[in-house]
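There are 2 protein chains.
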Amino acid sequence: MKAIVNVYLKQGVLDPQGKAAHHALESLGFHGIEDVRIGKQIVIKLDSMSKEEAITKVKEMSETLLANTVIEDYDIEIVQ
Amino acid sequence: MKAIVNVYLKQGVLDPQGKAAHHALESLGFHGIEDVRIGKQIVIKLDSMSKEEAITKVKEMSETLLANTVIEDYDIEIVQ
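Going down the list, the sequences are from chains R and D. Counting from 1, one number per residue, gives the positions in the first sequence under the working numbering. Counting from 1, one number per residue, gives the positions in the second sequence under the working numbering.
Any given hint could turn out to be false.
Stated by the list, open to error - When the alpha-carbon atoms are kept at most 27 Å apart in a straight line, the in silico DSS-like pairs for lysine-lysine are as follows: (1) K19/D to K59/R; (2) K57/R to K57/D; (3) K40/D to K45/R; (4) K19/D to K51/D; (5) K10/R to K19/D; (6) K51/D to K45/R; (7) K57/R to K40/D; (8) K45/R to K45/D; (9) K2/D to K40/R; (10) K57/D to K45/R; (11) K40/D to K59/R; (12) K59/D to K59/R; (13) K59/R to K51/D; (14) K51/R to K19/D; (15) K59/R to K57/D; (16) K51/D to K51/R; (17) K45/R to K10/D; (18) K19/D to K57/D; (19) K2/D to K40/D; (20) K40/D to K51/D; (21) K51/R to K19/R; (22) K59/D to K2/D; (23) K10/R to K57/R; (24) K57/R to K45/R; (25) K10/R to K40/D; (26) K2/R to K10/D; (27) K57/D to K2/R; (28) K59/R to K2/R.
No lab work stands behind these hints, which were simulated from the structure alone.
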């Protein structure tokens, strides 16, 4: 069983890494970009358990360690 | 139009950031984790264009700047 946690900055929080990538892309000749934002994708391989159990567990992991909920949001996807 | 690029280390490439998160989660009392790998999720807002055009453009961006294709793989998803 695999859980994918996408952690991204909340709307309104400045993203300097994204801004840098945006400028770099433009200076490389890519146009028509409105905005770039960079987050983390965390893939967690879990021992077999029910989907509900996995969601509860991974949510707790996200709140405790994976996301800084003051400035970041996250979503969880369970695959397999 | 929004493109999501997930950039992750190729299989076999050591992921020290993922290993650190794995150990931290275990020391916090989370068990039943087999593996943790951490990648990047890049969200690019694009001016309106066709889906095909967007895919071609974002693929070029990924190859040029967003992913280090020696050690990283990526996948592209177009939404909206």
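(message) So, against the hints stated earlier in the document, which numbers end up violated here?
(response) 2, 4, 6, 8, 10, 12, 13, 15, 16, 18, 21, 27
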